[in-house]
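Chains A and B supply the protein sequences, listed in that same order. Note that the numbering used here has the first sequence beginning at 1, numbered continuously upward. Note that the numbering used here has the second sequence beginning at 1, numbered continuously upward.
Honestly, the hints are just simulated from the structure, not real lab data. The model shown is predicted, which means the values in this text are computed figures rather than measured ones. All C-beta atoms in this analysis are idealised placements derived from N, C-alpha and C, irrespective of residue type, glycine included. There could be a bad hint or two in this list.
Unchecked claim - Derived lysine-lysine pairs resembling DSS-like cross-links, with alpha carbons at most 25 Å apart:
#1 A:K34 to A:K20
#2 A:K69 to A:K98
#3 A:K34 to A:K69
#4 A:K69 to A:K89
#5 B:K115 to A:K43
#6 B:K115 to A:K98
What the hints assert, rightly or not - Quick list of the computed label-pair ranges, beta carbon to beta carbon:
#7 A:G42 to B:L124: 45 to 51 Å
#8 B:A120 to A:D77: 38 to 44 Å
#9 A:N74 to B:P96: 21 to 27 Å
#10 B:D2 to A:G108: 30 to 36 Å
#11 B:T98 to A:S105: 25 to 31 Å
#12 B:G138 to A:G108: 21 to 27 Å
#13 A:E37 to B:T98: 37 to 43 Å
#14 A:Q84 to B:D99: 44 to 50 Å
#15 A:R72 to B:T69: 28 to 34 Å
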Amino acid sequence: MELGLEVAEGPAPYTVLAVKGEVDVYTAPRLREKLVELVSQGKHQIIVDLEGVDFLDSTGLGVLVGGLKRLRSNDGDLSLVCTQSRILKVFEITGLTKVFSIYDSVDGATAG
Amino acid sequence: MDQFELQIPPRPEYIAIVRLVVSSLALARRAVAEERIDDLKLAVSEACTNAIEAHASIQSRAPVIIRVTEAQERLEVEIADRGPGFLPDALPSHPPVTDPARLNFERGLGIPLIKTLVDAAEFLPSDTGTTVRITLYGGPSDGGDETSEILRAVLADEG
Chain A
1 MELGLEVAEG PAPYTVLAVK GEVDVYTAPR LREKLVELVS QGKHQIIVDL
51 EGVDFLDSTG LGVLVGGLKR LRSNDGDLSL VCTQSRILKV FEITGLTKVF
101 SIYDSVDGAT AG
Chain B
1 MDQFELQIPP RPEYIAIVRL VVSSLALARR AVAEERIDDL KLAVSEACTN
51 AIEAHASIQS RAPVIIRVTE AQERLEVEIA DRGPGFLPDA LPSHPPVTDP
101 ARLNFERGLG IPLIKTLVDA AEFLPSDTGT TVRITLYGGP SDGGDETSEI
151 LRAVLADEG
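One chain only, chain A, in its complex shape (with noise of 0.2 Å):
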């Protein structure tokens, strides 16, 4: 049940943090932790690649509503790459496609 967290630069100014496997209250901190990191390191264009995410619940969504708000503060801004059904899902129950830009690939991200 690890958490794979890995980050890779993209085109300027980006960086992409592709995520893999379940984030849960058990594995979220880890997340948290990353998007903190990252904005420390000054990377304030953040795309958070949900791919490779098996499993996404509420302490999940908390984290990245978090990182969003960090990125924001910092002039900045986090999107997210998915195009699976059951983690899009939760993101449409809980109005969170309102507050993130979701797009189908990394491309679509940095061309947006």
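Chain A is fixed; fit chain B onto it per the hints.
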């Protein structure tokens, strides 16, 4: 009607096990779409998270109990904690999603998710804690999908 219980230590790392058990059981034995199983899995997981946080709030090491009931027409999962209790209807509501203040709320999405995802969700407070009862309607998987067609043919041959 069959029933079994899981007892887990009130620690976050055990929730993944509950998800695995409940979703595997539903997938193998219930005639419901896979999407509904994802919904059940998420609702049960949210209820377990709340239960574990309730125990943590009073430093309780008592186990959280997950009781699964398989009935003819429904699958029921009860998550029972021994926490201090809460009133689901008294939870504060979030600002609208279009309000920038919405970003100040990282918590409180679990209960709305539970209520939306499953056929029925009841919050049953008692003197000893809270039980969340989650119900998914739909009969046992005794037909309809290809696997059970094949299984039935095999069983008929043996008979």
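Whether the CB-CB distance between A:E37 and B:T98 falls inside 37 to 43 Å:
At roughly 30 Å between Cβ atoms, B:T98 and A:E37 fall outside 37 to 43 Å, so the hint is violated.
Has the hinted range 28 to 34 Å been met by the Cβ atoms of A:R72 and B:T69?
46 Å, violated
What's the verdict on A:K34 and A:K20, does the C-alpha distance respect the 25 Å limit or exceed it?
13 Å, holds
Supplied distance hint 45 to 51 Å, evaluated on CB atoms of A:G42 and B:L124
For A:G42 and B:L124 the Cβ distance comes to about 50 Å; the hint holds.
Given a hinted range of 44 to 50 Å, is it respected by the beta-carbon distance of A:Q84 and B:D99?
28 Å Cβ-Cβ, so the 44 to 50 Å window is violated.
Holds or violated: B:K115 and A:K43, Cα atoms, limit 25 Å.
Answer violated: B:K115 to A:K43 is near 37 Å, above 25 Å.
Is the gap between the beta carbons of B:G138 and A:G108 within 21 to 27 Å?
Cβ of B:G138 to Cβ of A:G108: about 37 Å, so the range 21 to 27 Å is violated.
Looking only at beta-carbon atoms, does the pair B:T98, A:S105 fall within the given range of 25 to 31 Å?
26 Å, holds
Measure nothing beyond the straight line between the CA atoms of B:K115 and A:K98; if it is 25 Å or shorter, mark the hint as holding.
21 Å, holds
For the range 30 to 36 Å, tell me whether the beta carbons of B:D2 and A:G108 fit it or not.
48 Å, violated
Hinted pair, alpha-carbon criterion (25 Å max): A:K69, A:K98. Please report holds or violated.
14 Å, holds
Under the criterion that the straight-line Cα-Cα distance not exceed 25 Å, is the pair A:K69, A:K89 satisfied?
22 Å, holds
Hint compliance for this structure: hints 5, 10, 12, 13, 14, 15 are broken, all remaining hints hold.
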